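**Q** Now for the letters of each chain:
Protein chains: 2
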Amino acid sequence: MQTLTVDLGDRSYPIHIGAGLLARGDLIVPHLAQKRVMVVTNTTVAPLYLAQLTATLEGAGVQVASVVLPDGEAYKTWETLNLIFDALLTERAERKTTLIALGGGVIGDMTGFAAACYQRGVPFIQIPTTLLSQVDSSVGGKTGINHPLGKNMIGAFYQPKAVLADTDTLKTLPPRELSAGLAEVIKYGLIWDAEFLGWLEANMEKLRALDPVAIAHAIYRSCEIKAQVVAQDEREGGLRAILNLGHTFGHAIETGMGYGNWLHGEAVAAGMVLAAQTSQRLGWIAEADVARTRTLIRAAGLPDVAPDLGFEKYLEYMGHDKKVEGGKMRFVLLKKLGEAVITGDVPHDVLSGVLARPH
Amino acid sequence: MQTLTVDLGDRSYPIHIGAGLLARGDLIVPHLAQKRVMVVTNTTVAPLYLAQLTATLEGAGVQVASVVLPDGEAYKTWETLNLIFDALLTERAERKTTLIALGGGVIGDMTGFAAACYQRGVPFIQIPTTLLSQVDSSVGGKTGINHPLGKNMIGAFYQPKAVLADTDTLKTLPPRELSAGLAEVIKYGLIWDAEFLGWLEANMEKLRALDPVAIAHAIYRSCEIKAQVVAQDEREGGLRAILNLGHTFGHAIETGMGYGNWLHGEAVAAGMVLAAQTSQRLGWIAEADVARTRTLIRAAGLPDVAPDLGFEKYLEYMGHDKKVEGGKMRFVLLKKLGEAVITGDVPHDVLSGVLARPH
Ligand SMILES: NC(=O)c1ccc[n+]([C@@H]2O[C@H](COP(=O)([O-])OP(=O)(O)OC[C@H]3O[C@@H](n4cnc5c(N)ncnc54)[C@H](O)[C@@H]3O)[C@@H](O)[C@H]2O)c1
Ligand SMILES: NC(=O)c1ccc[n+]([C@@H]2O[C@H](COP(=O)([O-])OP(=O)(O)OC[C@H]3O[C@@H](n4cnc5c(N)ncnc54)[C@H](O)[C@@H]3O)[C@@H](O)[C@H]2O)c1
Ligand SMILES: [Zn+2]
Ligand SMILES: [Zn+2]
Numbered sequence: 001m002q003t004l005t006v007d008l009g010d011r012s013y014p015i016h017i018g019a020g021l022l023a024r025g026d027l028i029v030p031h032l033a034q035k036r037v038m039v040v041t042n043t044t045v046a047p048l049y050l051a052q053l054t055a056t057l058e059g060a061g062v063q064v065a066s067v068v069l070p071d072g073e074a075y076k077t078w079e080t081l082n083l084i085f086d087a088l089l090t091e092r093a094e095r096k097t098t099l100i101a102l103g104g105g106v107i108g109d110m111t112g113f114a115a116a117c118y119q120r121g122v123p124f125i126q127i128p129t130t131l132l133s134q135v136d137s138s139v140g141g142k143t144g145i146n147h148p149l150g151k152n153m154i155g156a157f158y159q160p161k162a163v164l165a166d167t168d169t170l171k172t173l174p175p176r177e178l179s180a181g182l183a184e185v186i187k188y189g190l191i192w193d194a195e196f197l198g199w200l201e202a203n204m205e206k207l208r209a210l211d212p213v214a215i216a217h218a219i220y221r222s223c224e225i226k227a228q229v230v231a232q233d234e235r236e237g238g239l240r241a242i243l244n245l246g247h248t249f250g251h252a253i254e255t256g257m258g259y260g261n262w263l264h265g266e267a268v269a270a271g272m273v274l275a276a277q278t279s280q281r282l283g284w285i286a287e288a289d290v291a292r293t294r295t296l297i298r299a300a301g302l303p304d305v306a307p308d309l310g311f312e313k314y315l316e317y318m319g320h321d322k323k324v325e326g327g328k329m330r331f332v333l334l335k336k337l338g339e340a341v342i343t344g345d346v347p348h349d350v351l352s353g354v355l356a357r358p359h
Numbered sequence: 001m002q003t004l005t006v007d008l009g010d011r012s013y014p015i016h017i018g019a020g021l022l023a024r025g026d027l028i029v030p031h032l033a034q035k036r037v038m039v040v041t042n043t044t045v046a047p048l049y050l051a052q053l054t055a056t057l058e059g060a061g062v063q064v065a066s067v068v069l070p071d072g073e074a075y076k077t078w079e080t081l082n083l084i085f086d087a088l089l090t091e092r093a094e095r096k097t098t099l100i101a102l103g104g105g106v107i108g109d110m111t112g113f114a115a116a117c118y119q120r121g122v123p124f125i126q127i128p129t130t131l132l133s134q135v136d137s138s139v140g141g142k143t144g145i146n147h148p149l150g151k152n153m154i155g156a157f158y159q160p161k162a163v164l165a166d167t168d169t170l171k172t173l174p175p176r177e178l179s180a181g182l183a184e185v186i187k188y189g190l191i192w193d194a195e196f197l198g199w200l201e202a203n204m205e206k207l208r209a210l211d212p213v214a215i216a217h218a219i220y221r222s223c224e225i226k227a228q229v230v231a232q233d234e235r236e237g238g239l240r241a242i243l244n245l246g247h248t249f250g251h252a253i254e255t256g257m258g259y260g261n262w263l264h265g266e267a268v269a270a271g272m273v274l275a276a277q278t279s280q281r282l283g284w285i286a287e288a289d290v291a292r293t294r295t296l297i298r299a300a301g302l303p304d305v306a307p308d309l310g311f312e313k314y315l316e317y318m319g320h321d322k323k324v325e326g327g328k329m330r331f332v333l334l335k336k337l338g339e340a341v342i343t344g345d346v347p348h349d350v351l352s353g354v355l356a357r358p359h
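Line by line, the protein sequences are chains A and B.
Residues in the first sequence are numbered from 1 upward in steps of one, following UniProt numbering.
Residues in the second sequence are numbered from 1 upward in steps of one, following UniProt numbering.
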């Protein structure tokens, strides 16, 4: 097991990464203000891991209640969140009762938001069970739900007491979801760390085979990079935006193809190729860099060609993005492989060259 | 106009108190990150004050949108909160758009919570228009909504950028609501400041007649006391509980009489009498102190006799209170007039003497 500490003063917390962590009550109990928890999970994850986690906790003398939500992004709504509040109030959960999120990013976001709001804040612990949530939701304190008029529009910044990323749970994850998580891992290499990018190129096969040492390293380094970026910009004003490499394009792809048809990670992967192509047309990176990026993305089982939505549609869907400020569109691009920049200055013909007929 | 600064480091904010503040764009504009606001109000307050506030803001070059919610505690729900989110998203409000709460505590709590959650936090300004919200919601950062299984169970700690308590708005407030606010004002005297208590005894008639100097002083000193208490205990662990003088009993009264039949302030007033009687039976305050308390409460137009719910019912309804910790009931009582204490040690026969047949 490896442990990374996210340094946030008195809200600092550990991220434990490794195999067999669901059996490790000793990683959870020290963080409980009261030996009482409410585990929040969903109908897919509960049959796989809820009994094991419950046994671990009960074995450590912890009183365990649980609530099993329907599975899917479509349920990341107030109605579902209310099922958590119903359970907490029915169980008469107190201010010291800890919420535990057991599931992917949807469960993590909703549980964290419920913890932020229940009695104006109760402790929570994350046990992310998808690669995407292990490398992305573990750091940054973002929690929330969707609104019919916008994704993640309602939420809070709220930090967990601890995160347990059990790499064993990835064995049951559908391969397409694993690849979607790898898109975010590749993103960290592209924006921050050329050496890590090289390591990913050398180890992609091991990662897809869930080699325990390789996957733990990828998660560790991803969380570490995200923590470094977020530490410099906790509430989102500047630098943190580089974490959105491929995401503005990606959101356009997700919207254009109909939410859920492309996984988020797939859209981000294709979006990162668009960002690389834009960067190359601006003269910042070479053709060969774009090619390397695409090869790695394909090796991860991800699409490296964005769908042809039409240039106008791309612009329209990108304009809907939260990252538009004062009407001006801002782009996260690559100055070189391993270094991102944020810019508002992308000439129209460069954009149209990339987006008019993606290839 | 008087101004009190609530000192919270980089989240410090001013409370402006006085007549004619709805005309003072200069008190609002400096706090806007963007000259765009969304005013949240209700069907009772909108016809009284929305046009005036809008004119003031537009006169200062601010773009004003508004949303008018149904009026009443029964609407302090997620469904109503969602009307604010709908309006924000329909207007494409950005992270720098400021929410302005124009109304009583219900509007203040919901608007503050909406501001805490919209895009994980946007600025907000409070314009409380009831005495209760001016003296109580202005300080402490509590925001939230009710859940069918419990009042104020879902919310956030979230501070406003500024508070404007315009004493002119109190002229349209029903007298019963004014008295309800006075209950909280009396509470500050009882728990913290015997001199202020004496001043209230001398000025109660002026306060009920809305004498502008007297009412502004009462609001100022109330906010100041609350700020002192909260400063020592921002997130509620110890001292802050003294602000609940009369509230545990009061909640039992509100529940026992059916929510809404007794106003919160009325129940708190009668609850403070029960607290005084309990304190007297414990030998802490004299009969004469209880009598003074009751006389002041009656002078404020408030009930000084709690309803006879039956001893068992009182215990049951008090047990439902949030302030129960680890199963043990804690009471806020008076060591003397002007000084509160928190205790868990109230003998059963003392309690039954006070609650079995309130008088
Ligand atoms: N808070 C943050 O910083 C942050 C970061 C990235 C994404 N997110 C959010 O996370 C969500 C996406 O996360 P996700 O990709 O984990 O989606 P997800 O939570 O929907 O999980 C994907 C699917 O895998 C299933 N699953 C989870 N763990 C499994 C396991 N071990 N074995 C088998 N199946 C399993 C889930 O039930 C679901 O069907 C989005 O809502 C996004 O907004 C949040
Ligand atoms: N956040 C806090 O710290 C805090 C503190 C105390 C109470 N509260 C909450 O505040 C609520 C009670 O506040 P309240 O007593 O202001 O109730 P309220 O908001 O329901 O207002 C009482 C009534 O007066 C009306 N009204 C408001 N201003 C008026 C005016 N100027 N003229 C005429 N009518 C007017 C309202 O529309 C309502 O009908 C409760 O929900 C309580 O939980 C919050
Ligand atoms: Zn992403
Ligand atoms: Zn009160």
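Mixed in with the good hints, there may be bad ones.
Copies of the same chain are indistinguishable here, so a pair counts whether it falls within one copy or spans any two.
When the alpha-carbon atoms are kept at most 27 Å apart in a straight line, the in silico BS3-like pairs for lysine-lysine are as follows [said to hold, decoys possible]: (1) LYS151 - LYS313; (2) LYS206 - LYS171; (3) LYS151 - LYS96; (4) LYS151 - LYS76; (5) LYS151 - LYS35; (6) LYS335 - LYS206; (7) LYS171 - LYS76.
Please keep in mind that the hints were generated in silico from the structure rather than gathered at the bench.
Values in this document were obtained by computation on a predicted structure and should not be read as measured data.
**Q** Can you list which hints this structure breaks, lowest number first?
**A** Result: hint 6 breaks, nothing else.
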